[in-house]
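Chemist: Given next are the chains, with one letter for each unit.
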Amino acid sequence: MQKTLEEINQRIREGKAVVLTAEEIVGYTREKGLKAAFKEVDVVTTGTFGPMCSSGVYFNMGHTTPRMKLGGGRAYLNDVSAYAAFAAADLFIGANALPDDDPRNRIHPGEFNYGGGYVIEELVAGKDIRLEASAYGTDCYPRRRLSSYLNIKDLNEAVLFNMRNAYQNYNVAVNLSDKTIYTYMGVLKPNMGNINYCTAGMLSPLLNDPYYRTIGIGSRIFLGGGVGYVAWQGTQHNPGVARTEGGVPKGGAGTLAVIGDLKQMDARYLVGTSMLGYGVTLSVGIGVPIPILSEEILQSTLVTDDDIVGTVIDYSSAYPNLRPGAVAEVTYAQLRSGSVDINGKNIPTASLCSYSRAREIAVKLKTWVEQGKFEITSPVAPLPGIDSGLKVRPFNERPLGDTNHHIL
Amino acid sequence: MKTSKRIVLRFPQRLVDRPIVYHLIRDFDLAFNILKASITPDKEGLMVLEITGEREAYDKGIAYLNEAGVKIDSLNREVTRNENRCTHCGACVTMCPVDAFSIDEDNREINFDAKKCIVCGICIQACPPRAMELHF
Ligand code: SF4
Ligand code: SF4
Numbered sequence: 001m002q003k004t005l006e007e008i009n010q011r012i013r014e015g016k017a018v019v020l021t022a023e024e025i026v027g028y029t030r031e032k033g034l035k036a037a038f039k040e041v042d043v044v045t046t047g048t049f050g051p052m053c054s055s056g057v058y059f060n061m062g063h064t065t066p067r068m069k070l071g072g073g074r075a076y077l078n079d080v081s082a083y084a085a086f087a088a089a090d091l092f093i094g095a096n097a098l099p100d101d102d103p104r105n106r107i108h109p110g111e112f113n114y115g116g117g118y119v120i121e122e123l124v125a126g127k128d129i130r131l132e133a134s135a136y137g138t139d140c141y142p143r144r145r146l147s148s149y150l151n152i153k154d155l156n157e158a159v160l161f162n163m164r165n166a167y168q169n170y171n172v173a174v175n176l177s178d179k180t181i182y183t184y185m186g187v188l189k190p191n192m193g194n195i196n197y198c199t200a201g202m203l204s205p206l207l208n209d210p211y212y213r214t215i216g217i218g219s220r221i222f223l224g225g226g227v228g229y230v231a232w233q234g235t236q237h238n239p240g241v242a243r244t245e246g247g248v249p250k251g252g253a254g255t256l257a258v259i260g261d262l263k264q265m266d267a268r269y270l271v272g273t274s275m276l277g278y279g280v281t282l283s284v285g286i287g288v289p290i291p292i293l294s295e296e297i298l299q300s301t302l303v304t305d306d307d308i309v310g311t312v313i314d315y316s317s318a319y320p321n322l323r324p325g326a327v328a329e330v331t332y333a334q335l336r337s338g339s340v341d342i343n344g345k346n347i348p349t350a351s352l353c354s355y356s357r358a359r360e361i362a363v364k365l366k367t368w369v370e371q372g373k374f375e376i377t378s379p380v381a382p383l384p385g386i387d388s389g390l391k392v393r394p395f396n397e398r399p400l401g402d403t404n405h406h407i408l
Numbered sequence: 001m002k003t004s005k006r007i008v009l010r011f012p013q014r015l016v017d018r019p020i021v022y023h024l025i026r027d028f029d030l031a032f033n034i035l036k037a038s039i040t041p042d043k044e045g046l047m048v049l050e051i052t053g054e055r056e057a058y059d060k061g062i063a064y065l066n067e068a069g070v071k072i073d074s075l076n077r078e079v080t081r082n083e084n085r086c087t088h089c090g091a092c093v094t095m096c097p098v099d100a101f102s103i104d105e106d107n108r109e110i111n112f113d114a115k116k117c118i119v120c121g122i123c124i125q126a127c128p129p130r131a132m133e134l135h136f
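The listed protein sequences derive, respectively, from chains A and B. Counting in the UniProt record's numbering, the final residue of the first sequence is number 408, and the numbers go up one at a time with none missing. Counting in the UniProt record's numbering, the final residue of the second sequence is number 136, and the numbers go up one at a time with none missing.
What the hints contain is simulated information worked out from the structure, not anything from laboratory work. The hints are all genuine.
Sample of chain A residues at the chain B side, in silico, Cβ under 10 Å:
1. Val271
2. Ser283
3. Ala358
Computed from a predicted structure; not experimentally measured. For each residue, glycine too, the CB sits at the ideal point set by N, CA and C.
Chain B with its partners taken away, still in its complex shape (with noise of 0.2 Å):
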């Protein structure tokens, strides 16, 4: 059975160089579709695949990258905005790896695209007043 997935890796700074990807595309004969990647401030890769194959390969794909080191996150986790806590600083703006906020030129309001969000988290602890909510 196929089966198609969205997960975000996070690459700790010691397997930032490796070719980890590569194995799991050709030892597991998975397909991917990178949705985004980029190396963090501090070093640490973060890369957002769409994965498909048959379940199992999947699920052995997956074990191979835990035993590696990497950490997974599935992308049904949600990053919300806590409209009462929103003080539209603006903080967040350049934080967001994907642009999903953006400045609103006439009320000079941050305006949050939910769409665009990755679940990254950067924007979390950034927010001054926290008004960022990861939800599971």
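Isolated chain A, as found in the complex (with noise of 0.2 Å):
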């Protein structure tokens, strides 16, 4: 028996659609079993949130008096520096994005105290940014310089996009060497003293639709705590891994890039965030609701921390080496428990997303849908599924011979 995405969105016009999270519904169908929860439930909403370094957001701030071509120009926003490299009002600034000023990693690890990620947080809080700009100038676009704060209620467009994230499933990280390293994933304290994970395990979206039979292009979204659209598959997108039984990733594979009004958003979901000795980012919050069109499409919301299998990866050096290899397999029942056992040692563990916010949100578009205010989308195009033959590669190195070096 199947569903319609028609049916399904009818009965949230009405407001009697049956909406449970990712996280309810699995006790939902051990009690009802799989036939009646099927014919009972409408949509599974899932929730994550964590850093997502591939975030960036443009606006359009209208034109100046005299107009400005900021196109080739330089832009600082807070002193992050923005890029000026479209039109002449338009800018972009990423999450990583850091003052000009900023040490950086020279006294080793680098705090990163502020960057683009508090920029975004800040101007989705609606708290006044100054913009410095300055530009060559042509006879169209005569002014050279400005400088003025500038506010989210005064921009044309604000809009985020990232171009990867909700990775479904990713990467566990420990150290193998006898130093404390500075990670994307956090302080690693030196042989296999911690263990850190950054998955919504069970909450997560792409976890529960693993092969991707309802996210695709089109699909609308919880993005920022407003409403966003999936654009594409993100980058790195990787289908083919290694799978479970269940059919989970064991490591990162698919991605999203997701693109909505930032003037929707809230500061509560999109939050700077600063990784010691690695950077800037912004933390975001991404809910996507699951029609149960199948009870194919059921079965695979039902999963559990104990279904989801994490790769431990040593970041000391096989990460940054690219080389093969992983220390151990874990799932995230394990990892939740607060320690793991690997090799005889007992390692505590900690999480760098927030399951606790991962769960809001999932709780939050439940709402948004059961009170008719979000319908589900069909999307317009798949993303690549595990027949599509789609791989990440590595860089394909080609080394410049020494006369075509430019800047070294």
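Got two chains here, each in a separate frame; can you build the complex from them with the hints?
Modeler: In structure tokens:
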């Protein structure tokens, strides 16, 4: 038996849809049985909240008087450099951007207390941002300097764009070396002193739809507290990785590129984030609804932390040197218990993404759907699946000859 | 006059192996209570002591520590959590040497028990959204 999306949306419009979160659906189906649960449940909501480095915001700020061509010039937002290589009045700021005078890792580990992620958080929170820009001046855009406050309410458009996030599972990080290392997976103590992981496990969007049956290009989602859409597969989308019998990838696999109106979003779900010794990023909240169109789809939302396996990778050597090889495989249930045993050693674990906020997002999205405020879209095109042959390739390095060096 | 103070001592790598605290007691007749002692990952020693003794001896003892190159912080600083910034990620849980953070199994939020905190400062930079703050 199948349900159509139109039937589900009809029930959403009537305020009658039965919606459960990815946590709730597990016990519910256990109690009712798969068939009965499938008949009753329309939508399962998922959520995740964690650092998503590939985030940025672009906006159009309107034309100054006299006009100024920012494209090809330079621009700073709260001293953080923005990308000014589009048309006259558009800027892009990436989550990892830093002020020019940030010491970076010169004094290791650098603190990275401010950068693009924080500018985005302040912008969405409605705070005034300092803009300083210079341009070369043209006959039609003569102005060459601008320093002004800028506020999101005055911008024509402000759009959050992420080229890769909501990773379908991810590496679990340890450090096998004998000194502390500072990574995007957090501070890792020597000799496997701790383990860090970063997915919302059973709440995570793509782990509840492991074969991308319902999530695709055009899917309407919860993004940063507002409504967004899946724009494309994320960069490094890698559907062909090893999977468990249940279809759950054992490492980073699918990713999403997402887009949405920043003006509707909320700084609670877009939080400037610093990784000691690594850099600045943005923590982003994403929630994806899964329409329960078939028993198969329902089945895949029953995934629990016991079913999700993470691959433990050494970030002191294997990861930076792109060497294959795992230290161990562990389940998310083990990771969440607070410690795991590897080779007879008991290692404390910590998460870098917030499970409580992932849950909050799944619940919020559930409420939106229940109240008829959020209908489910059918993807206009699927994400490349496991048969697509799509694979992440490492960089194909072809060194320049000596005579071709220009900058070094 | 007797005095009793809680202080945090930080030993740079080169001093970790030297019996500094032993001298402190033997030469200055101070009583002490070790609240916490550890060697941090980058091989710095950290010790939180409650020292009791005559005021004059106490001051001399502190001067001795200073001379030896030990960094001294008094425990009148405190570390607090900015609840508006904490995202309850949990990155702090394994960083804190005294387990001041714990996971609430019901709501998966991270509890912070300020009473346990020895103001070592480790969580301040390790907290991704910079929710942990040092106050004087
Ligand atoms: S690391 Fe910071 S944000 Fe995360 S739970 Fe601890 S205090 Fe909160
Ligand atoms: S400063 Fe932070 S890490 Fe250090 S004891 Fe206090 S809570 Fe724990």
